[in-house]
Amino acid sequence: MKLAIASGKGGTGKSMVAANLAFTLAMDSPVSLVDCDVEEPNLHLFFPSDPITRDVTLPIPVIDELICTYCGKCGEFCQYGAISVLPKKILFFADLCHSCGGCTLVCPEKAIHEEPKRIGTLSVSTPLPGLKLVTGMLDTGSPLAVPIIHEVKKETSDDPIVILDTAPGTSCPVVEALEGCDACILVTESTPFGLHDLGLAADVVVRLGIPAGVIINRSDGKDEETLRFCEEHGLDVLLTIPFSREIASIQSRGDLLCRVQPEWQKEFRSLFVKSKLLAGVEL
Amino acid sequence: MKVCITAQGATLDAKVEDRFGRAPYFIIADSETGSFEAIANPFKDGAGGVGPKAAQLIIDHEAGVLISGLLGGNAKSVLDSAGIAQYVYRGGGTVSVALDAFKNNTLDLVN
Numbered sequence: 001m002k003l004a005i006a007s008g009k010g011g012t013g014k015s016m017v018a019a020n021l022a023f024t025l026a027m028d029s030p031v032s033l034v035d036c037d038v039e040e041p042n043l044h045l046f047f048p049s050d051p052i053t054r055d056v057t058l059p060i061p062v063i064d065e066l067i068c069t070y071c072g073k074c075g076e077f078c079q080y081g082a083i084s085v086l087p088k089k090i091l092f093f094a095d096l097c098h099s100c101g102g103c104t105l106v107c108p109e110k111a112i113h114e115e116p117k118r119i120g121t122l123s124v125s126t127p128l129p130g131l132k133l134v135t136g137m138l139d140t141g142s143p144l145a146v147p148i149i150h151e152v153k154k155e156t157s158d159d160p161i162v163i164l165d166t167a168p169g170t171s172c173p174v175v176e177a178l179e180g181c182d183a184c185i186l187v188t189e190s191t192p193f194g195l196h197d198l199g200l201a202a203d204v205v206v207r208l209g210i211p212a213g214v215i216i217n218r219s220d221g222k223d224e225e226t227l228r229f230c231e232e233h234g235l236d237v238l239l240t241i242p243f244s245r246e247i248a249s250i251q252s253r254g255d256l257l258c259r260v261q262p263e264w265q266k267e268f269r270s271l272f273v274k275s276k277l278l279a280g281v282e283l
Numbered sequence: 001m002k003v004c005i006t007a008q009g010a011t012l013d014a015k016v017e018d019r020f021g022r023a024p025y026f027i028i029a030d031s032e033t034g035s036f037e038a039i040a041n042p043f044k045d046g047a048g049g050v051g052p053k054a055a056q057l058i059i060d061h062e063a064g065v066l067i068s069g070l071l072g073g074n075a076k077s078v079l080d081s082a083g084i085a086q087y088v089y090r091g092g093g094t095v096s097v098a099l100d101a102f103k104n105n106t107l108d109l110v111n
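Chains as they are written, first to last, in my numbering: chain A, 1 to 283; chain B, 1 to 111.
You may find that some hints are simply not true.
Restricting the straight-line Cα-Cα distance to at most 20 Å, the calculated cross-link-like pairs of lysine-lysine (PhoX-like) are [to be verified]:
| hint | chain 1 | residue 1 | chain 2 | residue 2 |
| --- | --- | --- | --- | --- |
| 1 | A | K73 | A | K88 |
| 2 | A | K110 | A | K73 |
| 3 | A | K89 | B | K44 |
| 4 | B | K76 | A | K88 |
Some chain B residues flagged as far from chain A (calculated, every beta-carbon gap over 10 Å) [said to hold, decoys possible]:
| hint | residue |
| --- | --- |
| 5 | A14 |
| 6 | D18 |
| 7 | I39 |
| 8 | F43 |
| 9 | D45 |
| 10 | G46 |
| 11 | P52 |
| 12 | K53 |
| 13 | S77 |
To be clear, the hints were calculated from the coordinates, so they are not data collected in a lab. All values derive from a computational prediction rather than experimental measurement. By construction, the Cβ of each residue, glycine as well, lies at the ideal position given by its N, Cα and C atoms.
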């Protein structure tokens, strides 16, 4: 069961939901929690531990100018403008390269070979018995988040229960994290911004064909518009979390709602059961 | 000498386009004879890397000078390596006006 936690708007409580769900489920069975928000991962703040970290690399071309005849075929092939071939010089822009390997294939002189370039890291830790935390982190200045998300997902591809915390928004990193998931929880909040961006996120999961439900977080009790939206779009509201100073306080000191107030574990267990029903996974 | 000016249209009366890689047209004008050629920019709606690609295009058309409003770092590296001088024109006028300004030595080089 692969369950993604997404939202259109940032700051609605994706990580809070993902962390509490994983914390609760890990008491009963092994759970993998994957931080797919690789530009600003933060789940590790809830689960301090000593991870094993390795580099994530992408292959980039290295051109041997002693062999290169400046024929220009690699530059013509590159759709990303990463190679410019001048009459007696060749320029390579690593930040524009998407590691497709095409330049190496089309070079008639075999003057190009590939070498790994680090774009970020992947960390794996066991902060609690039964809980595997996988965190991807993109290096500052590195433009490609998607290959890191691909790598962190691969790390948990055979695990029985995987909870994926996605980046906010609806762009490529979110789509990469959602792809292949059995169900998705969309976390929204009681504001016009929360509702507007929920609409965007709901559109993405529909297009990806992933069944989804909604959590209304920081609810002020006046959620009529959100409830109407959910009804119109066939989205079940799986859980409502009230706007509460106490919850905010627990969260802001890096603690977990389900640890401090164990009565919430029942709510998160029920959330998981509803998610499995959404996904059509056998209970 | 061949001078390339980024333009919003295909004639000398067209306004100068501020952007380089996403300029709709490149006007390649001969500063001695006054003749010119307009090239529609195939990269203007590209997803990325349009600067170096546009630079390659004007190198292939043997321009010796570029006049534009804005230039990214990657495009500048390519043009620098090819020995193409880059001048800034941001007066909001036409290609002819920018060309005259270049001939009168009133344009600054791109930093």
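Here is what the structure says about each hint:
1. K73/A - K88/A: Holds, at roughly 14 Å.
2. K110/A - K73/A: OK: K110/A and K73/A at ~12 Å, within 20 Å.
3. K89/A - K44/B: Measuring from Cα to Cα gives roughly 25 Å; hence the hint is violated.
4. K76/B - K88/A: holds, 17 Å
5. A14: holds, 25 Å
6. D18: Holds, because the least Cβ-Cβ distance between D18/B and chain A comes to about 20 Å, which exceeds 10 Å.
7. I39: holds, 17 Å
8. F43: Given a closest Cβ separation of 8 Å, the condition is violated.
9. D45: Given that every Cβ of chain A is farther than 10 Å from that of D45/B, nearest at about 13 Å, it holds.
10. G46: violated, 8 Å
11. P52: violated, 4 Å
12. K53: violated, 4 Å
13. S77: Contrary to the label, S77/B does not stay out of reach of chain A, its closest Cβ about 6 Å off (not over 10 Å).
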